[in-house]
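Undergrad: Chains as they are written, first to last, in this note's numbering: chain A, 1 to 287; chain B, 288 to 604; chain C, 605 to 906.
Some hints here could point you the wrong way.
As the list claims (entries may be wrong) - Okay, derived cross-link-like pairs now, EDC-like style, lysine to aspartate or glutamate, Cα gap no bigger than 20 Å in a straight line:
| no. | chain 1 | residue 1 | chain 2 | residue 2 |
| --- | --- | --- | --- | --- |
| 1 | A | K210 | C | D741 |
| 2 | C | K657 | A | E49 |
| 3 | A | K215 | A | E94 |
| 4 | A | K104 | A | E270 |
Treat the hints as calculated values from the structure; they're not laboratory data.
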Amino acid sequence: MRIKSFIMLLLLVTFSFIYCGGRKTSTNISISGSDTMLELGKQWALLYEKQHKGQTIQINGGGSGVGINALIQGRIDLANASREIKPEEIKRLEKKKWKLITYKTALDGLSIYINEKNPINELSFEQLKRIYTGEITNWKQIGGKDSKIILYGRQNSSGTYAYFRDNVLLKKDYSPTVQELSGTGSIVRKVAQDIDGIGYGGKAYTMGVKVVKVKVKDSDIAYAPTDENVASGKYPLTRDLYIYTTDKVLNGKKKGDAVEKYIQWISSEEGQKIVKDVGYYPVKKTN
Amino acid sequence: MSSKRILTDKIFEYLVTIIALTAVIAVILIFVFIVKEAFPIFFDNEIRYDGKGNEIATMSKMFLPQVIDGQLDFRWQPTSDIPKFGLLVLIVGSIKVTFISIIFAAPLAISAAIYSSQFAGRVFKEIIKPAIELLAGIPSVVLGFFALIVLANWVEKVLGVKPGLNTFTAGIALGIAVIPIIFTITEDSLSSVPKSYVEASLALGANKNQTIWRVLIPAVSPGIFAGVVLGFGRAIGETMIVLMASGNAGILSADFFDPAKTMPSTIAVEMGEIATGGTHYTVLFFIGFMLFTFTFILNYIGDFVVHRFKKKLAGLR
Amino acid sequence: MTQVVYKIKKKFNSFVLVTFLATLIILLILGVIFYDIISQGISHLSWEFLCDKPAEEIRMGGIFPAIFGTALLVLVMTVAVVPIGVITAIYLHEYAKNNKLTRLIRVAVNNLAGVPAIVFGLFGLGFFIQFIGHGIDNMFYGGEIVYGRPAIIWASLTLALLTLPVVIVTTEEALRNISKDIREASFALGATKFQTIMRIIIPNCLSGIITGAILAISRGAGEVAPILFTGAADLLPKLPTSLSDQFMDLKFHIFVLAQSPDVKNSTPVLYSTVLVLLLLIFILNLIAFILRSQLRRKFKSH
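Bound conformation, chain A alone (with noise of 0.2 Å):
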């Protein structure tokens, strides 16, 4: 009975998977979050697992909210964040007792994407409000053509959708008209395609459309976010890109110390030196 045997043998590899995983102890370092990071997590990654051989590192998206509900719940050892954790979070995390811990390991020039055929140059914040509450509608209310603006944006676990939200339109809803596309890089290929399109995201996935100048009133100077405007703080949304762990992380027996090698390296000047590849800023060099 060929057929009874080639079962008995996947019954065999199924359960000697099933013992091997209980016992094996990994030392996996799962990171999870921002969308922003992503590809600044997923590069990071790559390049400390060829230089250490046998560290396994696991990286996934869907947003700041996700990465940090997922540390409090204890599922994973590192949250990407780019939004500052909030005090509701703090408070469930102080519930389990733990301690939060927090890196800031890069710096982004928060981006405001319009197309590359839009003759628009430079916004200010309360523009972008109007724009983004719904306010404002035609392109030709700013200077533009006469068109509808066609709004897109991040999901709501998205940290940038919260950082844009509490910074810019004060906290105010977003009009409802605004497509929630579930990463940065859906944003800028949209507004790649659309001449009318508006979008918000990290400085590293600007590619294939243009940049928009950014002023706080109207009667600033309006920046642009280079090197030199988000390293001295004149851009406006310039913004820190955390990463939030616990104590119980680090202080884990078995990779506490693994973790804690891990984010050594993306302070040092290999890590940074990845973050300006990817396109965002190194952060500034405090201690």
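For chain A, the structure is supplied; the task is to place chains B and C on it using the hints.
TA: Only chains B and C this time, still in chain A's reference frame:
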């Protein structure tokens, strides 16, 4: 027979019966679990009100228009300082997309089923059936990908509609996914009609066309109905296609070229970031509950109708 | 002359034309989709693409971890779903009487078939991971989180629930095709029900069972929603070696790639990945199709 063999037999029978109950247990478990996580919405005030004493997730807040920025409106903004859970945005979004998918898929699928079972030659039939199975096998993520990359551009350039990711685009892609379901059930029903029906009609002098229109189609109308209902059920629960192709904007409108947000795609996007047991979590499970119940009812109706239809035909044989 | 024209008119009247056109449109849609994917996808296809891990540059890397992940996922799912599905079908066909219990089971199976994929995802997250997973962790690992998070076992089990109805229905059909005579002959020769089932019936409808398994596999390989939160990873070059590992997955990878901002470089990779997925599903369906026609031919001769 030795008593040992009788014993083995009995044991086996009991084992089999118990395992067969797995399906029942699974369905009950799923239902109970979803209900358990969703029902706090009806009575748990820690969930219905936010930390500052404002109503956020009561029935009226979720289903009735709210005053937002001085206007009466429906909004779905679960992460604002004051979360807004306007469920109607999602429900109407789901219905709009599903509606388009059925309007697109049903006529095509039903007509093709009629052609395949009544007119097609044997050769052509051997092409159509595998083709439909192939269509049914295309994963929804591929259809979503196709809608995102190809269909949306086509809608923008040829139909001149901006944005290209909207209810219509998602509806068409969803329709493509639903065609095989409606086709299969309709074709199945048409084959179940006893030949005597058709022959009697022809014998009474009707031509093929009249036979099909006035005898066959009315006879299989329960089957067609069931096919459409099941297709509707599948469409309303479909996640990936809508996630990629609908633009995901929480617009409540009658315009079919507006982007939309549907129930399943919202769950998919927001599920990852919520705290277990919080308001957002409970509301999402409530949406899941509505989806589950709705598809349950639709499937029940569909199956029931097909069952009755087959019985009726069997009685005529 | 007029007779010929009359005959042609009769054949090609509007009703036939309309339904024919509808069929043609459907075939056309299928053709367009496949043509687009094949023509754009084949350019990037290569052995390196299939066997390599993802690399820093999207263009350079391969999708092997995703293929492996999907294969393992589907394997575990099959091991879970086939025994349960086949036994349930056997119960329904061989043992069930026309009572309430039977109807209950049938209703349950029908409903399971209709539950939307995303609801399975919710269930997988909330029940398998947080309830059972955490329970296992607390009992066997003293609070250390091993199973209480997304893992291949939970994703497989969730998919197994999703595909259970498919296996049950296909197996039942296969069982129905076995003629009563064989069964009665076996009983007449003194075999118990157990022996009859194990030695006669199951071997005979094996191809039907396999068909069901293959259909379940192709369904499982294509559904994304259930594995979104139960185990799929964006980037994990390491292959899953234990049931508590996470994994990369082919169809999820498509979803991830579609969000990449590097349109120029990611589009060919995206198309090729889609092509690989479609090829896999196509091959599976082809095998199932061949098996089914063999089965039909075998029983037609009786």
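Undergrad: Against this structure, judge whether each hint is valid.
TA: Structure-based check of all given hints:
Between K210 (chain A) and D741 (chain C) the CA atoms are separated by roughly 50 Å; this puts the pair beyond 20 Å, and the hint is violated. A hinted pair counts as satisfied when its Cα atoms are at most 20 Å apart, and K657 (chain C) with E49 (chain A) qualifies at roughly 12 Å. This hinted pair does not check out: K215 (chain A) and E94 (chain A) have alpha carbons roughly 38 Å apart, beyond 20 Å. At most 20 Å may separate the alpha-carbon atoms for a hinted pair to count; K104 (chain A) and E270 (chain A) meet this at roughly 16 Å.
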